[in-house]
Amino acid sequence: MRLKLLPIGALLATSVGLVLLFNAMQGCRPSTAQTVVTGDAASKVYVKPGSHDEFYNMVSGGFSGQLAIYGLPSGRLFREVPVFSQDPESGYGYSEETKGMLMTTSGFIPWDDSHHPELSQTDGVPDGKWCFINGNNTPRIALVDLGTFRTTSIIEIPNSAGNHSSPFTTGNSEYVVAGTRFSVPMGDEAHRDVPISTYKENFKGTVSFIHPDPESGKMSIAFQIVTPGVNFDLSHAGKGPSEGWFFFSCYNTEQAYSLLEVNASQRDKDFIMAVNWKMAEQLVKEGKGKRAPGRHYSNWWNESTHSSESTIVEDVLQLDPKEHPGLLYFMPCPKSPHGCDVDPTGKYIVGSGKLAALVPVFSFEKMQKAIAANDLEGDYAGLPVLKYESVLHGEVKKPGLGPLHTEFDANGNAYTSFFVSSEIVKWNVERLEVLDRVPTYYSIGHLCVPGGDSKKPWGKYVIAYNKITKDRYLPTGPELTQSAQLYSIDGDKMELLLDFPTTGEPHYAQAIPAELVTPREVKFFRIDENEHPYVAKGEKETKVERDGKQVHVWMTSIRSHFAPDNIEGVRMGDEVYFHVTNLEQDWDVPHGFAIKGAANAELLIMPGETQTLKWVPDRVGVWPMYCTDFCSALHQEMQGYIRVSPAGSNVPLSGTVVSNLEN
Amino acid sequence: MILVLGACGGPSEPSGPPGTSGTPPDAAAGGSAKGLVTAADLNLGGIDQDMAEKGKTTYDVKCQACHSLGENRVVGPGWKGITQRREPAWIMNMILNIDVMLTDDPEAQKLLEQCLVRMPNQNLSNDEARQVLEYMRTL
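From first to last, the protein sequence lines are chains A and B.
Number 662 marks the last residue of the first sequence (numbering that gives the first Met the number 0); no jumps.
Number 138 marks the last residue of the second sequence (numbering that gives the first Met the number 0); no jumps.
Be a bit skeptical, because a hint or two may be false.
In silico lysine-lysine, DSBU-like type, Cα no more than 30 Å apart, as pairs [unchecked claim]: (1) K539(A) - K53(B); (2) K79(B) - K539(A); (3) K53(B) - K522(A); (4) K55(B) - K542(A).
Just so you know, these hints were derived from the structure itself, not from any lab.
Bound-form chain A, shown alone:
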């Protein structure tokens, strides 16, 4: 097929919202212009004031490093959950307790590039307990607890560079995976300091299997499988008949290390790598794994102490597939596969070659037969490559240009995003027949069907996550918003219902019925269970103490005052730690705490919680502090003063609340 880029300017929007598609994609599209918004679309996304959305939509923030939470079908944004980036609004990554969440072997890393949210599963179905998300740049996986919508666990992935192929889950969240995008030299220093041109000999890939503790969510690396040097892109676990296997797309099997745009697009086929993780698990049990260097941080949020806990692990358990025949197979897949998606039955694996003019669908059953018959095409770096024709269920012919990702409904249909031709194509998995196509505005990357990568899709909608919006929204300077688009998939034809702008750059997303999440909501933290070392359980326990140059303030907040709210005796050169306990015991009554000149951020303290802000005064004087979260009619009265005297001053240290009223 002739590659023809869709000119974005070739799309016109009329003032009434009807969008006509220019016939820019002859051969790939229906020849008639398409009306994409019908008259009753608004009623299908209207969630009346005071009513709730049917679904939560967890959307990656991309270069924001965060996870955004929207409602569907309204597209309303509820919250941006801070994950890999500091968030001055909540104090995440600024408060003394939360800093540890962002610790890595490269030190404190306040940002990352978050790509793929993945909900935890039970029996192959999202269960509403956790949402995992990968950090691409400084390889990490985070776990967001959907009871609190907070990041409660972050693990660093050693021997990885560019944690892209991650964090997809097995059917009971026994593991989430982390496949390295960049292969790199690993081992001790001498093995790491090698010429880049020795890629073939010295560079290796890894796929890591991360185990979240079912109770605490604390993550650890169960094992790593060492692979030939390639780039891993995406992955998905098998399910049903393919349960126990994991599939990874890999590109750059050319093993290029420069100008990959050209040099990694040479081969006709790259691979889907199939890993028998049940076998790997067994090998590990039998003690077949080898400890290898792999220093990494594991950070965990302790909800009793309201503080992070970091542990440093020095090594990882590695498996070399060459020593364990049957552990790993390559299936040839055309042209730099990106998406690697397993249908709800678990019978089929869809590889989406970014540069291919077709979408290959692999059959797990045929793969098993080919393995049994040793039906090999050859080997790749000593590992078995199955014959393409032997493992292929079939190809979707001429589906569109630039296939990226596929999600599924419960009726045997697949929905594939096409970046180059800016469209979603619906096709039947069994019959490989294209059923429908709709344009997206513009340049769709990922897409999402509620439950669409699980055993039991809820269906109803497909959401497109677009890289470019061009003329769709009011402009905001040189950078325009990215967007999501909601389509109904209830009928035979997909129907565009709604556009909504997104934060950061959306990559993958997941959606889940709200009723599976809302019963878990934590409304407040019980003050009697607060084990923070600096908690003040009531104003009676508030105090100010000096420890050398450190001044610790045990402070409480309740509507609408702090105690103490007058502090004296702080001297220049001191570091002041405000440990603020929110005494409220009701839902949605956070108090904020801000002090003039704080070089970090504010605190936003949830009911029953204690959080700490460090403040270093830079001048003598009386400094104001106040509550930033409108808490009551007397919120504007919620304030205090701290007096800073010169170094060596003899003003006694004190913290008081002065009542004008006689008790």
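Once you have looked at the hints, place chain B on chain A.
Below, chain B alone, put in the same frame as chain A:
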């Protein structure tokens, strides 16, 4: 008045989790549907010192920031003699069912007009509230 409700008490239209519409959000937040306490529910005899002691412990953590033990108001009313001024069942309901009270009870509404801060729902259990009441009776 509308400003006060809107500012401190959350939306006046209920927006609790599905299935609880018609229930004030904070009552839903409590996790259990607490019926209003009536005088018949309270068995007030001589003061139980042990209960009062426990009530004091709860007071220190959850109540003291706003209520003095004297007669004067800090944020809310002082507690000295409070059980002479208010019906025990009314006090229990102010602790356990504040949202219902602020919606329906004229006395509670009058108090809000004076204090301007909605009495927080501190999520006391029935037993804890009863212990606090016992403590109040000693004041």
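Okay, the hints, checked on the actual structure:
1. K539(A) - K53(B): OK: K539(A) and K53(B) at ~16 Å, within 30 Å.
2. K79(B) - K539(A): The given pair, whose Cα atoms are some 19 Å apart, holds under the 30 Å limit.
3. K53(B) - K522(A): Status holds; Cα separation ~25 Å.
4. K55(B) - K542(A): Between K55(B) and K542(A) the Cα gap is close to 20 Å, so the pair holds against 30 Å.
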